[in-house]
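Trainee: Given these sequences and hints, build the entire structure.
So the chains spell out like this:
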Amino acid sequence: MNNAPGKSESSPVARGIWSDAVGRIRKNRLAMACAVVIAAYILLVGFIYIAELFCLDSSLIDWKEIVGPGYRRPGSDFVLGTDFLGRSVLRKTLYGAKISLTVAFWASLISLAIGVPLGAIAGYFRGLADELIVWLYTTLSSIPYILLVLAFALVLKDKTLALRLAGTDIFRFELVGITTVYMAIGLTGWVGVCRLIRGEVIKHKDRQYVTAARSYGCGNARIITRHIIPNVFHLVIISFSLRFVTFIQAEVILSFLGLGEKNRPSWGAMIDAARLDLPKGYWWEMAAATGGIFFISLALNIFGDALRDSLDPKLRIQ
Amino acid sequence: MTAYIIRRLLYTIPVVFGVLLTTFLLFNIVGGDVTDRIAGRAASAETRAEIRAEYGWDKPLFFSWDSQFIRHMTNAATFRFGRSWIDREPIIDKIRRGAGPSLMLTVPMFVGTLAISVSLALAVAFLRGTWFDKIAVVVCVAGMSLPFLSFILFGQYFLAYKWGLFPVYFWPDLSPPQYLALPVLIGIAAGLGSNVRFYRTVMLDEMDADYVRTAFAKGLGPAGVLFKHVLKNGMIPILTRVVLAVPFLFLGALLLERFFGIPGLGYLMIEAIGARDFQVINAMTYIGAVLFVGFNLLTDICYCLVDPRVSLE
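In order, the protein sequence lines correspond to chains G and D. For the first sequence, the working numbering gives the first residue as 3, with consecutive numbering after it. For the second sequence, the working numbering gives the first residue as 263, with consecutive numbering after it.
If you're looking for bench data, these hints aren't it; they were derived computationally from the structure. Using N, Cα and C, we set each Cβ at its ideal position, and we do this for glycine too. One or more hints might be untrue.
Stated by the list, open to error - No farther apart than 20 Å at their CA atoms in a straight line, the calculated lysine to aspartate or glutamate pairs in the DMTMM-like style are these: (1) G/Lys207 x G/Glu133; (2) D/Lys396 x D/Asp467; (3) G/Lys264 x D/Glu533; (4) D/Lys321 x D/Asp349; (5) G/Lys29 x G/Asp311; (6) D/Lys494 x D/Asp472; (7) D/Lys494 x D/Asp467; (8) G/Lys66 x G/Asp79; (9) G/Lys161 x D/Asp295; (10) D/Lys424 x G/Asp279; (11) G/Lys264 x G/Asp160; (12) D/Lys494 x D/Asp470; (13) D/Lys396 x G/Asp311; (14) G/Lys161 x D/Asp298; (15) D/Lys321 x D/Glu308.
Unchecked claim - Simulated coverage check for chain D against chain G, where a stretch passes if three residues somewhere in it have a Cβ under 8 Å from a Cβ of chain G: (16) 279–292; (17) 546–559.
Mentor: And the structure:
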């Protein structure tokens, strides 16, 4: 967990795991380039959200606008060409980033909210709770991932989650469009993180710092949330930087199969639309959606690996 | 050894039970009674009652000897999944018919990917640190980042449609090698990135081991060291990977069969998704899970045979 011996001699100030990792990752030029790409995607999505929230009149987010004749080749007028209605493919691709990243974000949040507490409880208390939780995730991981996601998405589609009390809805949540997609991905994606956290908590719960915390009177809940989780959380971040790619690609497949967003352009829906155009020689919508997926996935893959190498020297791949 | 296998076998019972519980919760409770969707708006009350009786939706959910849950379990145990909503054909017949074409696609794809990626990984691991190695890693990560759909669509467009090297679509008159060649090729190409990268890591872990240095020191050539020593010791992670890849074959087959019109299980599932036919998805989920559990059991037994130190905690 500490610095390399050579480094700590030159800098007597204690450095934490994070500043150490940031220092190491900064030297990796490829990883920094990927960080820039990821930041660009996030900024773009943030901009689209802000522009929609404040109804900004920006041509960038107006993907519905018909900018020219249909099926125009990419060129000086239209950077990525136009689709069958004459809408800009560039704007659709940029808007697709919003759908894709939103899905991946919420899916990550849902699977973290399920996986981290369950993993921590299983690893810390062991016994019956552990056996139940292990049984639960073994069961879920026995079902091939894509079948599980498909089954969840199919069943959850167009359902309404409502909490009724005395005849009135006190909580109502409609599962339409991307909500179904990220619920399905999130509810099935927590197994890996749960397994990871459980294993780490088992390793950590007999360490001296935990014993020390217990000796001055910390309760179990406090030990888990304030002591153990912060010490294992970097592993969660590494696993999610790589899992994000899986979520993005799962969204593409679900949207392609018609289980996702219908009314707004997502990359999966663009590929589905372009499928019929490709034999006619209109390749650019397909290529644009592929590019949108490719660059974020590549950046996340490389950055995630670099993050793993810099945070966890033991796991380093040569 | 025998005790280990028996205990491992018994452990599959709660897992299969859990899978059945999951599919029951999904399809019978969350999915629920979909009589209206099957019967259509104009159906009479008798038709509705008949459909309810056929699928057992008129019975209590759990606490009764003829409850929906008991029915769900017995159906699964006897592999009787009822009839499809689309054409009233028994689902198990559909699955039986689809298994052949699916396996004809996935087995060559799987074997091809494994053979090519393990050999490439051995070569890359041997040349580690050189520019060849670095380029190979970048190409692998790039291949992993491309969506599978793009591999299929561009592959079909260029190789079959534009250049006419392969038939574009399944046709009953074509012989299997003709219509399967392109999907298998695309499946292998799409899988190479992640596989080569994984096996490279496995091989590199072994390349640093003492026994490799010893083998080189006693004068063995690179081929001898790689195939006789490194490959054998890398067998455990390779075995695990092979089993873990089986569920992913479904995904590959799902989309590949859709695009090439191969009448297999993937095609069946796409059809069922389009028609919202829960019963077919339910049957496929259950069979997929049972296969996974079975393969997992098989690997653990193989571990036990390969490495005598392995035992169940």
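Trainee: Hint by hint, say whether it matches the structure.
Mentor: Checked hints:
no., hint, verdict
1, G/Lys207 x G/Glu133, "holds (17 Å)"
2, D/Lys396 x D/Asp467, "holds (17 Å)"
3, G/Lys264 x D/Glu533, "holds (19 Å)"
4, D/Lys321 x D/Asp349, "violated (25 Å)"
5, G/Lys29 x G/Asp311, "holds (12 Å)"
6, D/Lys494 x D/Asp472, "holds (15 Å)"
7, D/Lys494 x D/Asp467, "holds (13 Å)"
8, G/Lys66 x G/Asp79, "holds (17 Å)"
9, G/Lys161 x D/Asp295, "holds (13 Å)"
10, D/Lys424 x G/Asp279, "holds (14 Å)"
11, G/Lys264 x G/Asp160, "holds (12 Å)"
12, D/Lys494 x D/Asp470, "holds (15 Å)"
13, D/Lys396 x G/Asp311, "holds (16 Å)"
14, G/Lys161 x D/Asp298, "holds (15 Å)"
15, D/Lys321 x D/Glu308, "holds (16 Å)"
16, 279–292, "holds (count 8)"
17, 546–559, "holds (count 7)"
Violated hints amount to a single one, hint 4; each of the other numbered hints is respected by the structure.
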